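Chains A and B, in that order, give the protein sequences.
Read in numbering that gives the first Met the number 0, the first sequence has 108 at position 109, and its numbers run on one by one without any break.
Read in numbering that gives the first Met the number 0, the second sequence has 247 at position 248, and its numbers run on one by one without any break.
Bear in mind the hints are in silico, worked out from the structure with no lab data behind them.
Wrong hints could be hidden among the right ones.
[Said to hold, decoys possible] Sample of chain A residues at the chain B side, in silico, Cβ under 8 Å: (1) Asn4; (2) His64; (3) Gly106; (4) Asn113; (5) Pro172; (6) Tyr295.
In this text the structure is predicted, and so the values were computed from the model without any measurement.
All C-beta atoms in this analysis are idealised placements derived from N, C-alpha and C, irrespective of residue type, glycine included.
There are 2 protein chains.
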Amino acid sequence: MAIVNENFLKLPGSYLFSDIAKKVNAFKIAHPEAKLIRLGIGDVTRPLPPACIEAMHRAVDEMAHAETFRGYGPEQGYDFLIEAIIANDFAPRGVQLKASEVFVSDGAKSDTGNIGDILQGCNSVAVTDPVYPVYIDSNVMSGRAGDLQEDGRWSRITYLPCTAENGFIPQIPDIRMDMVYLCYPNNPTGTTLTKEQLKQWVDYALANDSLILFDAAYEAFIREDNVPHSIYEIEGAKQCAIEFRSFSKTAGFTGVRCGYTVVPEEVMARTSNGERVSLNRLWNRRQCTKFNGTSYVTQRAAEAIYSPEGKKQVKETIDYYLENARIMREGFIQAGFQVFGGVNSPYLWLKTPEGCTSWQFFDRLLNDVHVVGTPGVGFGPSGEGYLRLTAFGKREDCIEAMKRIAKWTK
Amino acid sequence: MAIVNENFLKLPGSYLFSDIAKKVNAFKIAHPEAKLIRLGIGDVTRPLPPACIEAMHRAVDEMAHAETFRGYGPEQGYDFLIEAIIANDFAPRGVQLKASEVFVSDGAKSDTGNIGDILQGCNSVAVTDPVYPVYIDSNVMSGRAGDLQEDGRWSRITYLPCTAENGFIPQIPDIRMDMVYLCYPNNPTGTTLTKEQLKQWVDYALANDSLILFDAAYEAFIREDNVPHSIYEIEGAKQCAIEFRSFSKTAGFTGVRCGYTVVPEEVMARTSNGERVSLNRLWNRRQCTKFNGTSYVTQRAAEAIYSPEGKKQVKETIDYYLENARIMREGFIQAGFQVFGGVNSPYLWLKTPEGCTSWQFFDRLLNDVHVVGTPGVGFGPSGEGYLRLTAFGKREDCIEAMKRIAKWTK
Chain A
0 MAIVNENFLK LPGSYLFSDI AKKVNAFKIA HPEAKLIRLG IGDVTRPLPP ACIEAMHRAV
60 DEMAHAETFR GYGPEQGYDF LIEAIIANDF APRGVQLKAS EVFVSDGAKS DTGNIGDILQ
120 GCNSVAVTDP VYPVYIDSNV MSGRAGDLQE DGRWSRITYL PCTAENGFIP QIPDIRMDMV
180 YLCYPNNPTG TTLTKEQLKQ WVDYALANDS LILFDAAYEA FIREDNVPHS IYEIEGAKQC
240 AIEFRSFSKT AGFTGVRCGY TVVPEEVMAR TSNGERVSLN RLWNRRQCTK FNGTSYVTQR
300 AAEAIYSPEG KKQVKETIDY YLENARIMRE GFIQAGFQVF GGVNSPYLWL KTPEGCTSWQ
360 FFDRLLNDVH VVGTPGVGFG PSGEGYLRLT AFGKREDCIE AMKRIAKWTK
Chain B
0 MAIVNENFLK LPGSYLFSDI AKKVNAFKIA HPEAKLIRLG IGDVTRPLPP ACIEAMHRAV
60 DEMAHAETFR GYGPEQGYDF LIEAIIANDF APRGVQLKAS EVFVSDGAKS DTGNIGDILQ
120 GCNSVAVTDP VYPVYIDSNV MSGRAGDLQE DGRWSRITYL PCTAENGFIP QIPDIRMDMV
180 YLCYPNNPTG TTLTKEQLKQ WVDYALANDS LILFDAAYEA FIREDNVPHS IYEIEGAKQC
240 AIEFRSFSKT AGFTGVRCGY TVVPEEVMAR TSNGERVSLN RLWNRRQCTK FNGTSYVTQR
300 AAEAIYSPEG KKQVKETIDY YLENARIMRE GFIQAGFQVF GGVNSPYLWL KTPEGCTSWQ
360 FFDRLLNDVH VVGTPGVGFG PSGEGYLRLT AFGKREDCIE AMKRIAKWTK
């Protein structure tokens with residue numbers, strides 16, 4: 000009988016969202032009249048930008064006629080999209096990329112999950128804590144995580160706590176790490192790094208020959224000047240970083256499925272004999288073997304994000320969510336809470352009241368004001384004592400929730 | 000510095016299609032006036048069925064309004080599509096599947112490539128030869144293939160030759176294999192197995208606790224009664240087989256990207272301690288961690304394949320390609336060639352004339368009649384002495400090519 004990848008069996012069930020659903024359902028049965036407001040929702044709610052809709056209709060019509068029909072596209076993505084990405088997301092920030100360094104995909108979750116395919120199972124891994132669970136789980140699957148310990152940490156993963164105590168600035172490790180995952184603007188805390196802070200990571204990676212896996216899925220929410228949109232704005236990053244981008248939160252593509260990954264030709268790893276190997280070539284081989292390109296219709300929709308109308312419409316959507324974030328942020332602050340994030344990010348990271356755990360505060364919010372958040376501890380041990388809220392809901396719900404919070408804490 | 004997955008470095012470049020392109024380009028420069036006919040094309044050319052086009056337009060419109068917008072879908076696919084798949088592809092053939100056993104994806108290449116994630120790197124692997132290169136390359140990447148030998152075979156892979164001598168029926172191995180890849184109707188040979196022949200494989204797998212990875216991407220081309228559309232038509236297959244399906248060749252989805260994989264709950268692998276583990280649970284975990292579902296618009300297009308109009312339109316398209324195959328098959332037979340496949344398959348597998356290698360015959364066809372095929376040796380050592388032709392071209396090109404062949408061989 001074939002032997003399974005036993006690393007999979009080490010993974011505990013992922014119960015966070017099902018546990019939340021159970022509590023919410025129990026509450027609804029007990030209080031059928033209560034109007035629940037969900038501020039924990041991790042998915043966008045605004046429709047696609049009209050420019051994308053029009054582009055998709057045109058692309059669908061092309062598929063209806065033999066003369067304009069498109070079959071297999073390049074595994075790496077169509078040039079029209081790659082050129083738009085480079086010209087709009089990078090060139091204006093002084094970052095020069097070759098077309099062969101950009102790989103269009105069906106989303107950042109696939110790419111952040113699959114990137115480990117090209118790296119050996121023995122590499123050491125550091126993550127910020129709290130963290131997007133895919134970084135951990137995909138490394139468990141490939142054997143880099145070791146064993147799950149009683150404190151909720153994996154034995155071979157180095158956790159870099161990000162809490163109010165250190166201003167959510169992960170401390171540079173005092174040992175060499177092979178791989179470091181950084182996500183900024185951060186999911187789940189909504190916090191950012193300045194250019195100077197990110198430069199310290201690039202310097203660390205260059206000095207230690209570390210590989211930075213930089214997840215910039217929330218880049219479109221950045222409004223402050225000194226927050227880098229791409230790690231390649233930092234000198235030297237092309238020698239040490241792979242960057243993941245997503246259109247999911249940028250333009251509401253969570254159900255459309257498109258993202259991209261930048262693997263500069265200069266970024267290297269090595270063989271056990273010390274020979275240096277370009278990861279660009281390996282990722283290209285991985286994608287050509289195990290992926291067959293992103294839907295043509297989807298790629299035309301993504302291209303439309305970069306049209307003048309597309310840009311305007313995307314900005315309007317992001318502004319809508321950021322205004323939600325502002326309302327929530329101010330509401331919680333006025334109510335006496337400590338709130339982080341929510342400025343260059345759709346996520347707010349709320350400190351629970353003194354002595355109150357993530358789940359206890361979740362229960363209180365649910366039962367007292369009928370508002371649903373996400374317990375921070377679900378994102379890692381350092382998330383204990385926090386609650387994640389998101390700005391992806393409806394404006395009127397945000398306002399109503401803040402009224403309830405104000406009344407509750409008065 | 001991070002260490003690469005060194006298995007990637009064992010992979011030779013995949014030069015088959017670039018070598019073909021170089022030869023074709025050189026020919027075009029030398030003979031600018033010649034009208035080339037490409038019969039080696041592996042991609043569909045007919046437009047999408049109108050039912051799919053309409054469904055995609057409707058789905059795009061849903062994405063334009065907040066009330067009907069769809070964000071993240073289930074990683075496993077929407078119920079509407081899974082239910083249509085079960086009701087149309089399996090129930091009429093007496094195969095009962097649960098919704099939780101069907102995983103919708105962005106295509107069979109992704110799934111056949113990624114399935115190895117859930118299996119240990121030490122499992123033994125058998126493939127038919129010639130073979131779809133993804134089975135080999137993905138196993139090289141995960142360390143199951145061993146080393147590439149001078150004869151073009153990988154040291155730890157068991158090759159099951161399929162040639163005219165054995166009627167393209169792979170011989171059941173006399174040793175136990177952990178994993179066996181079978182693709183029927185076969186790419187590249189276009190040949191099929193009868194129910195009785197496939198039953199021998201299921202019996203072998205059950206007796207030896209082997210896992211069959213059954214690729215049925217070309218199922219829609221089956222027209223003969225005794226050729227199974229699904230391996231689950233064979234009793235016992237649910238205990239030993241995973242089946243991969245694709246809409247690429249069925250309904251022209253090569254650029255739309257959708258397929259699905261069936262992992263029955265009964266199909267098991269084991270831990271090194273001998274504990275039995277359901278692969279369904281592991282594949283579900285893999286997909287939930289490293290995949291975020293297939294585009295909603297694409298899934299609506301796939302659903303439309305199963306509507307009454309969709310079925311009729313798909314049949315018309317497949318009939319068109321099969322008529323191309325018939326014309327080519329008869330043309331080559333009348334010209335004195337030995338031809339295999341092309342009956343329940345879009346692929347024809349042509350025996351090259353006595354003493355003529357795959358590449359020599361490729362060159363002769365190109366230079367003498369300006370027809371482009373694919374050298375069989377590119378699909379594996381047992382492909383030497385064959386040429387793959389496909390029926391995905393235009394009708395008039397197939398007819399014109401056969402005229403040239405007839406004149407050439409007269």
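Hints versus structure:
| no. | hint | result |
| --- | --- | --- |
| 1 | Asn4 | holds, 5 Å |
| 2 | His64 | holds, 5 Å |
| 3 | Gly106 | holds, 5 Å |
| 4 | Asn113 | holds, 6 Å |
| 5 | Pro172 | violated, 14 Å |
| 6 | Tyr295 | holds, 4 Å |
Hint 5 from the earlier list is the only one contradicted by this structure; the remaining hints agree with it.
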